[in-house]
Amino acid sequence: MDLYLACLTLAVFLSADAQYTHNFFSINGCSDTEKESMYGTDGEEMWHADFTQMNGVVTLPDFADPMSFAGFYQESIAEQEICKQNLAVCIKAYKSPAEEMDPPETSIYPKDDVQLGVENTLICHVRGFFPPPVSVSWTKNNVIVTEGVSLSQYRPRNDGSFHIFSSLKIIPEERDIYSCTVNHRALQGPQTKIWETAARPPSLGPALFCGAGFTLALLGVATGIFFFIKGAATDNTDMAKKEKHFMQWTYQ
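Residue numbers -18 to -1, 1 to 234, in mature numbering (1 follows the signal peptide of the UniProt record, and there is no 0), belong to the letters of the sequence shown in order.
Check the hints yourself; a few may be wrong.
Listed below are the simulated DSSO-like cross-link pairs for lysine-lysine, each with C-alpha atoms no more than 27 Å apart in a straight line [to be verified]:
hint: 1; residue 1: LYS93; residue 2: LYS77
hint: 2; residue 1: LYS66; residue 2: LYS93
hint: 3; residue 1: LYS122; residue 2: LYS151
hint: 4; residue 1: LYS66; residue 2: LYS17
hint: 5; residue 1: LYS151; residue 2: LYS175
hint: 6; residue 1: LYS175; residue 2: LYS93
hint: 7; residue 1: LYS17; residue 2: LYS74
hint: 8; residue 1: LYS151; residue 2: LYS93
hint: 9; residue 1: LYS77; residue 2: LYS17
hint: 10; residue 1: LYS122; residue 2: LYS175
Pairwise CB distance ranges (calculated) [to be verified]:
hint: 11; residue 1: LYS151; residue 2: ASN5; range: 26 to 34 Å
hint: 12; residue 1: THR128; residue 2: ILE176; range: 15 to 23 Å
hint: 13; residue 1: ALA46; residue 2: CYS(-12); range: 23 to 31 Å
hint: 14; residue 1: LYS122; residue 2: GLU63; range: 39 to 47 Å
hint: 15; residue 1: VAL40; residue 2: VAL100; range: 49 to 57 Å
hint: 16; residue 1: GLU81; residue 2: ILE153; range: 17 to 25 Å
hint: 17; residue 1: ASP44; residue 2: LEU169; range: 34 to 42 Å
hint: 18; residue 1: ASN165; residue 2: THR3; range: 15 to 23 Å
hint: 19; residue 1: LYS66; residue 2: HIS4; range: 27 to 35 Å
hint: 20; residue 1: GLY53; residue 2: GLY110; range: 28 to 36 Å
hint: 21; residue 1: LYS74; residue 2: VAL100; range: 54 to 62 Å
hint: 22; residue 1: ASN5; residue 2: SER132; range: 52 to 60 Å
hint: 23; residue 1: GLY53; residue 2: LEU169; range: 33 to 41 Å
Quick caveat, the hints were computed from the structure, so don't treat them as lab data.
Positions of the beta carbon are idealized from the N, C-alpha and C atoms, including for glycine.
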């Protein structure tokens, strides 16, 4: 039985100016096949343990203040041992209880506006499931894809369930069809979502704008020249009339 035990710790911090409340959380989870240790705040991940590479991974965005998590990975290893012991005790104490399970809901969408031939990222959001794990796989035009695929950590939700993100780097071309398939024990069968390329070629807007601007500039110059010549011709005509009048007045 692949029971999953997760210990979720929540702490509430009030900022120095007493205007904002922040929720800090940590999660340590384990099963026969899964293990996870993660820290975050306000629902966003800050750090997680990579048990494959045997190190900690800081996942704060680039604009955030830099932070260090010294000793967190070593602590995560110790927490995993505690989690496994607690899981064994729970299974024995409750006589291998039936698992409570919630099936996932899945959606798929592009990260950026789609343009043919321009690199983008497809995101598969799997949410509302319990317990972990879930498996996520991708296909392109009915062919399994593994390159350019990433998978986030399991993230807790307020209702006690989990959600997870999988992403795929793509360069969309006309008539491409991508799929994201999710497997979970609460599902009767695989859950698959389809995304088809429906995009326009790279925008010609800037080129058209520049061309239109250049054309308007030429029209402006031509209009200016026209009125300049017309004004000069008018001035010459007026001068000629004045000279003719002067000559007539002098002759008389």
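Hint by hint, here is what the structure shows:
1. Proximity of LYS93 to LYS77 is assessed by CA-CA distance (about 46 Å); at most 27 Å being required, the pair is judged violated.
2. Simply put, LYS66 and LYS93 have alpha-carbon atoms about 37 Å apart, too far for the 27 Å limit, and the pair is violated.
3. As the CA atoms of LYS122 and LYS151 are separated by approximately 11 Å, the hinted pair is consistent with the 27 Å bound.
4. A distance of roughly 10 Å separates the Cα atoms of LYS66 and LYS17; the hinted pair therefore holds under the 27 Å criterion.
5. Proposed proximity of LYS151 and LYS175 is supported: the alpha carbons are some 17 Å apart, at most 27 Å.
6. Taking the CA atoms of LYS175 and LYS93, the gap is about 16 Å. The hint holds against a cut of 27 Å.
7. Pair hint LYS17 plus LYS74 holds up; C-alpha atoms about 20 Å apart against a cutoff of 27 Å.
8. Taking the CA atoms of LYS151 and LYS93, the gap is near 10 Å; set against the 27 Å cutoff, the hint holds.
9. Using a Cα cut-off of 27 Å, the hinted pair LYS77 and LYS17 holds, with the two alpha carbons roughly 23 Å apart.
10. A threshold of 27 Å between alpha carbons decides the hint, and for LYS122 with LYS175 the separation of about 12 Å falls inside it, so the pair holds.
11. For the hinted restraint 26 to 34 Å between LYS151 and ASN5, the CB-CB distance of approximately 32 Å keeps it satisfied.
12. At roughly 19 Å, the beta carbons of THR128 and ILE176 sit within the given window of 15 to 23 Å.
13. At about 26 Å, the CB distance of ALA46 to CYS(-12) agrees with the hint of 23 to 31 Å.
14. Take LYS122 and GLU63: their Cβ atoms lie about 41 Å apart, and the range 39 to 47 Å holds.
15. VAL40 and VAL100 have their C-beta atoms about 30 Å apart, which leaves the hinted 49 to 57 Å range violated.
16. As the Cβ distance of GLU81 to ILE153 is approximately 41 Å, the hint placing it in 17 to 25 Å is violated.
17. About 37 Å separates the C-beta atoms of ASP44 and LEU169, a value consistent with the hinted range of 34 to 42 Å.
18. Take ASN165 and THR3: their Cβ atoms lie about 38 Å apart, and the range 15 to 23 Å is violated.
19. Between LYS66 and HIS4 the CB atoms are about 31 Å apart, so this pair conforms to the stated range of 27 to 35 Å.
20. Separated by about 34 Å at the C-beta atoms, GLY53 and GLY110 satisfy the suggested range of 28 to 36 Å.
21. Range check, LYS74 to VAL100: Cβ separation about 56 Å, and the 54 to 62 Å hint holds.
22. As the Cβ distance of ASN5 to SER132 is approximately 26 Å, the hint placing it in 52 to 60 Å is violated.
23. Checked against the hint of 33 to 41 Å, the pair GLY53 and LEU169 passes, with Cβ atoms roughly 39 Å apart.
The structure does not agree with the numbered hints 1, 2, 15, 16, 18, 22 stated previously, though it agrees with the rest.
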